[in-house]
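Assemble the complex: chain A is given as a structure, and chain B must be docked to it using the hints.
Now for the letters of each chain:
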Amino acid sequence: DVVLTQTPPTLSATIGQSVSISCRSSQSLLHSNGNTYLHWLLQRPGQSPQLLIYLVSRLESGVPNRFSGSGSGTDFTLKISGVEAEDLGVYYCVQGTHAPYTFGAGTKLELK
Amino acid sequence: QVQLQQSGAELAKPGSSVKISCKASGYTFTSYYISWIKQTTGQGLEYIGYINTGSGGTNYNEKFKGKATLTVDKSSSTAFMQLSSLTPDDSAVYYCARVDYWGQGTLVTVSS
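Chains A and B, in that order, give the protein sequences. My numbering puts the last residue of the first sequence at 125; the count rises by one with no breaks. My numbering puts the last residue of the second sequence at 118; the count rises by one with no breaks.
To be clear, the hints were calculated from the coordinates, so they are not data collected in a lab. Incorrect hints may appear among the rest.
Now the stretches of chain B that chain A is said to cover, found in silico as 3 or more residues with beta-carbon under 8 Å [as the list claims (entries may be wrong)]:
#1 46-52
#2 56-68
#3 93-106
So the derived list for chain B, only partly shown, Cβ under 8 Å to chain A, looks like this [what the hints assert, rightly or not]:
#4 Gly109
#5 Gln110
#6 Gly111
Derived SDA-like pairs (lysine to any residue); straight-line CA-CA distance at most 20 Å [to be verified]:
#7 A:Lys121 with B:Gly50
#8 B:Lys71 with A:Pro113
#9 B:Lys69 with A:Pro113
#10 A:Lys121 with B:Thr46
#11 B:Lys69 with A:Val15
#12 B:Lys71 with A:Asp14
#13 A:Lys121 with B:Gly48
#14 A:Lys121 with B:Gln45
#15 B:Lys29 with A:Gln60
#16 B:Lys73 with A:Pro113
#17 A:Lys121 with B:Val99
#18 B:Lys71 with A:Ala112
#19 A:Lys121 with B:Gln49
#20 A:Lys121 with B:Glu52
#21 B:Lys29 with A:Ser61
#22 B:Lys69 with A:His111
#23 B:Lys69 with A:Asp14
#24 B:Lys73 with A:Ala112
#25 A:Lys121 with B:Thr47
Owing to the predicted nature of the structure, the values given are computational and were not obtained by experimental measurement. Idealized CB from N, CA, C, for every residue including glycine.
Next comes chain A alone, as it looks inside the complex (with noise of 0.2 Å):
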């Protein structure tokens, strides 16, 4: 199975600041088809998981413009311009590209 590894397990931040958040795959990411099928959950406190990017950079709907992401085969990050108390939570990578479909351990954002 494709091993997602997910960097750092865990994020302090302070309302305003930009953080990243890595995500590297044991395997290429790329389908035969010329997608990318890696993905970026957010899960907050007591909540489902919601989808935020799809297709590496391609914002959900209705997802603020503050999230984006971005990269390529193995290496992937998604990036928070700017943090909003809002976006606290568990953030996790998701790979469907190769059967069985596998996710990051998540990375949790904290306020500082």
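Coordinates of chain B only, in the frame set by chain A:
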């Protein structure tokens, strides 16, 4: 609006089975696959498999073959997941998801 409404929490005995439901609304049910995901504190998020809501075809993570059975009732826009031969390791929150929308989760507790 799109909603995936899951059935309530289950308390089950070891060796028994449970069947969780996921009722979809707000969109054409057969236009999207439904995936099922397991969440535990220790193992994080694990992908169980998905069902093609139009054809009923399924794809399972090898780890969950024999444990989970995915079915669908198109007439009621509902997907189901049956978990069999339950052990304490099956205690978890289980989510159904359409990738961009997730159910609220169903807590399954296996205890004698």
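Cross-check of the supplied hints:
1. Interface restraint, the region 46-52 of chain B with chain A: holds (3 residues with C-beta to C-beta distance below 8 Å; minimum three).
2. Given as covered by chain A, the region 56-68 of chain B passes the check, having 3 residues with a CB less than 8 Å from a CB of that chain where 3 are the minimum.
3. Chain A is given as covering the region 93-106 of chain B, and this holds because 4 residues of the stretch bring a CB closer than 8 Å to a CB of that chain, at least three being needed.
4. A cut of 8 Å between beta carbons decides the hint on Gly109 of chain B: the least distance to chain A is about 7 Å, and the hint holds.
5. Evaluation of the Gln110 of chain B hint against chain A yields a held restraint, the C-beta minimum of about 6 Å falling below 8 Å.
6. The interface hint given for Gly111 of chain B holds, since its Cβ lies 6 Å from the closest Cβ of chain A, which is under the 8 Å cut-off.
7. For the proposed pair Lys121 of chain A and Gly50 of chain B, the alpha carbon gap of about 13 Å is at most 20 Å, so the pair holds.
8. A hinted pair counts as satisfied when its Cα atoms are at most 20 Å apart, and Lys71 of chain B with Pro113 of chain A qualifies at roughly 12 Å.
9. The suggested pairing of Lys69 of chain B with Pro113 of chain A holds, with an alpha-carbon distance near 9 Å, which does not exceed 20 Å.
10. A distance of roughly 16 Å separates the Cα atoms of Lys121 of chain A and Thr46 of chain B; the hinted pair therefore holds under the 20 Å criterion.
11. As the CA atoms of Lys69 of chain B and Val15 of chain A are separated by approximately 14 Å, the hinted pair is consistent with the 20 Å bound.
12. Of the supplied pair hints, the one linking Lys71 of chain B and Asp14 of chain A holds, its CA atoms being roughly 15 Å apart against a limit of 20 Å.
13. At roughly 15 Å between alpha-carbon atoms, Lys121 of chain A and Gly48 of chain B fall within 20 Å of each other, so this suggested pair holds.
14. A distance of roughly 16 Å separates the Cα atoms of Lys121 of chain A and Gln45 of chain B; the hinted pair therefore holds under the 20 Å criterion.
15. The suggested pairing of Lys29 of chain B with Gln60 of chain A holds, with an alpha-carbon distance near 18 Å, which does not exceed 20 Å.
16. Restraint check for Lys73 of chain B and Pro113 of chain A: satisfied, since their Cα atoms lie roughly 15 Å apart, inside the 20 Å limit.
17. With a C-alpha separation of about 19 Å, the suggested pairing of Lys121 of chain A with Val99 of chain B holds against the 20 Å cut-off.
18. This hinted pair checks out: Lys71 of chain B and Ala112 of chain A have alpha carbons roughly 14 Å apart, not beyond 20 Å.
19. For the given pair, Lys121 of chain A sits about 15 Å from Gln49 of chain B by alpha-carbon distance, which is consistent with the 20 Å threshold.
20. The straight-line distance between the Cα atoms of Lys121 of chain A and Glu52 of chain B is roughly 18 Å, inside the 20 Å bound, and the hint therefore holds.
21. The straight-line distance between the Cα atoms of Lys29 of chain B and Ser61 of chain A is roughly 16 Å, inside the 20 Å bound, and the hint therefore holds.
22. Of the supplied pair hints, the one linking Lys69 of chain B and His111 of chain A holds, its CA atoms being roughly 15 Å apart against a limit of 20 Å.
23. Our distance criterion of 20 Å between C-alpha atoms is met by Lys69 of chain B and Asp14 of chain A, whose separation comes to about 11 Å.
24. In summary, the hint linking Lys73 of chain B to Ala112 of chain A is supported, as the alpha carbons are separated by about 18 Å, within the 20 Å threshold.
25. Restraint check for Lys121 of chain A and Thr47 of chain B: satisfied, since their Cα atoms lie roughly 13 Å apart, inside the 20 Å limit.
This entry satisfies every hint, going by the numbered hints stated previously.
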